[in-house]
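Trainee: From just these sequences and the hints, can you work out the full model?
Protein chains: 2
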Amino acid sequence: MFADRLIEAIKLKDNPSVLGLDPKIDFIPSEILGKAFGKFGENLEGAAEAICEFNIRLIEALHGIVPAVKLQSAFYEAYGLYGIRAMIQTISEARRKGLLVICDAKRNDIGSTAEAYSAAYLGSSLVRNGKTLPVFDADALTVNPFLGYDGIRPFLEDCKRFGKGIFILVKTSNKTSGQLQDLVTSSGKTVYEILAELVEEWGSGLVGDNGYSSIGAVVGATYPEQAAALRSTMRHAFILVPGYGAQGGTAMDAICSFGNDGYGAIVNASRSIICAYMSEKWKYSQREDKLESAAIEEAQRMKEDIRTALASVRS
Amino acid sequence: MFADRLIEAIKLKDNPSVLGLDPKIDFIPSEILGKAFGKFGENLEGAAEAICEFNIRLIEALHGIVPAVKLQSAFYEAYGLYGIRAMIQTISEARRKGLLVICDAKRNDIGSTAEAYSAAYLGSSLVRNGKTLPVFDADALTVNPFLGYDGIRPFLEDCKRFGKGIFILVKTSNKTSGQLQDLVTSSGKTVYEILAELVEEWGSGLVGDNGYSSIGAVVGATYPEQAAALRSTMRHAFILVPGYGAQGGTAMDAICSFGNDGYGAIVNASRSIICAYMSEKWKYSQREDKLESAAIEEAQRMKEDIRTALASVRS
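Residue numbers (the working numbering), protein chains in the order written: chain A, 1 to 315; chain B, 1 to 315.
In case anyone wonders, no lab produced these hints; they're calculated from the structure.
The list makes no distinction among identical chains, and a pair is therefore deemed to hold if it is satisfied within one copy or across any two copies.
Derived BS3-like pairs: lysine-lysine, alpha-carbon spacing no greater than 30 Å straight-line:
| hint | residue 1 | residue 2 |
| --- | --- | --- |
| 1 | Lys13 | Lys24 |
| 2 | Lys175 | Lys160 |
| 3 | Lys131 | Lys283 |
| 4 | Lys24 | Lys160 |
| 5 | Lys97 | Lys39 |
Mentor: See below:
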């Protein structure tokens, strides 16, 4: 059961945060880029090699601190075939280091198409005569709910069968998320509130020993009031919280998505950790390991920041 | 301007339909599978080779009849690296034969992540020092609007810059599309009606010489009444119509999305064409070219079906 594996991993590292591997090319140190472009040329393959090296160094540095990584699929797809190869290598390296892998691809479709996405990211794809093979084999995937239950059902089945999870977008962290998600319906409830009820219902068959479901939700740290209300509506959903750090959400905002037991949510940080080496404090440093050292320092700071916030409301 | 290129291509073939290349492994003739698995083994590479061969044969057979192809990304992603390679080869072959390429990937994200998706599918990705390279380089992409304008803006910019298009999901063809899309809001309008107004607004800067915008919409043929109303709301949006054929939509249903000029929409058919060789009429045929012959027959029938329906309402 994914939700139980995630809680176990969080307890092991005593850290409910996830490292977002969003390797925008501008985020990668120039020495890594120089080496990769020198080897493969200034092309998609060179860029993807740099992405891979960047990720592997971050995973090596942080695997003792964080329980999971979240790969933002767009930054891999942007380099085509080579980018996908970098994604596969990153997933494989993260798993080898004992990290859970969330693929943030926000997939959505219906029927056999949704089944194909689910097979690709969570389950396994049919090759021939009933023989199937795993493909990206992540532990969890983000899913967009715009198509209703038809777009969710295939994922539920694979979550059950393969012990995987999904995080369904409910209230996203961006400024214009309200254009659709906050529309008030004739029942008096907003679209995101109705969605939250559906997520709770859809996940009811996949609640683990710890009381949380492998059918989780995405709720941005940038909307703490809504997050607190959604935590009540989705009592069993594991919540993935984007928007902490660079997007403006604080630890106090982020913990609105946690349950009374101090679990049930995981907070993502990407830029603040993977670009920590570019910060005022680190940017003039000559240390060869400043990518790693700055990332470790920020990941530790974030861990303490969230733990302190959680302790303050539970005391 | 994508909308004008699309209308030109439709006029050239006198056919407002698009060939959906959704190469589910079960859809591929056993002789193609046998050859590919014989060469590469019963693995992801073999499956992807079969997908590629299947698509290339269909493109060769149908490029004189249809103006465009639509690739359902999930069926390529399902075979990982090899599947993506098959997608790239299919896009390249379709363009070589003068077909427009719509990538049906329903991507959605915000900020720099949405920019990365847009770069991957429509524009070009940054490699180094301002040097960018095209990646999948499709003519158009389907996009999910759940995140609001933040998730649309980066695509608008690339559509303008690179002469590309997007089709935004408004009312999808599946049974449970109403769970979210049909919710009635406090204004009395449904979610999909509000979305349609936004699509019309977002596309206002990209209206071509023919009066249609490169910022289009997806409206299922399975909801003809809603489609007719949406056509009025989105006067300028080019509409991509799924749900014809195997999903139950008729030609009379599909043409509800066309404008009074008989243009402004394109109807997708996947299974009914690419699996025509499995139909009662063809399945016992011993012809070596039955994949092609059955597909041509069905594509011609569909073309006449839609043209007849269009003529019936315009006379």
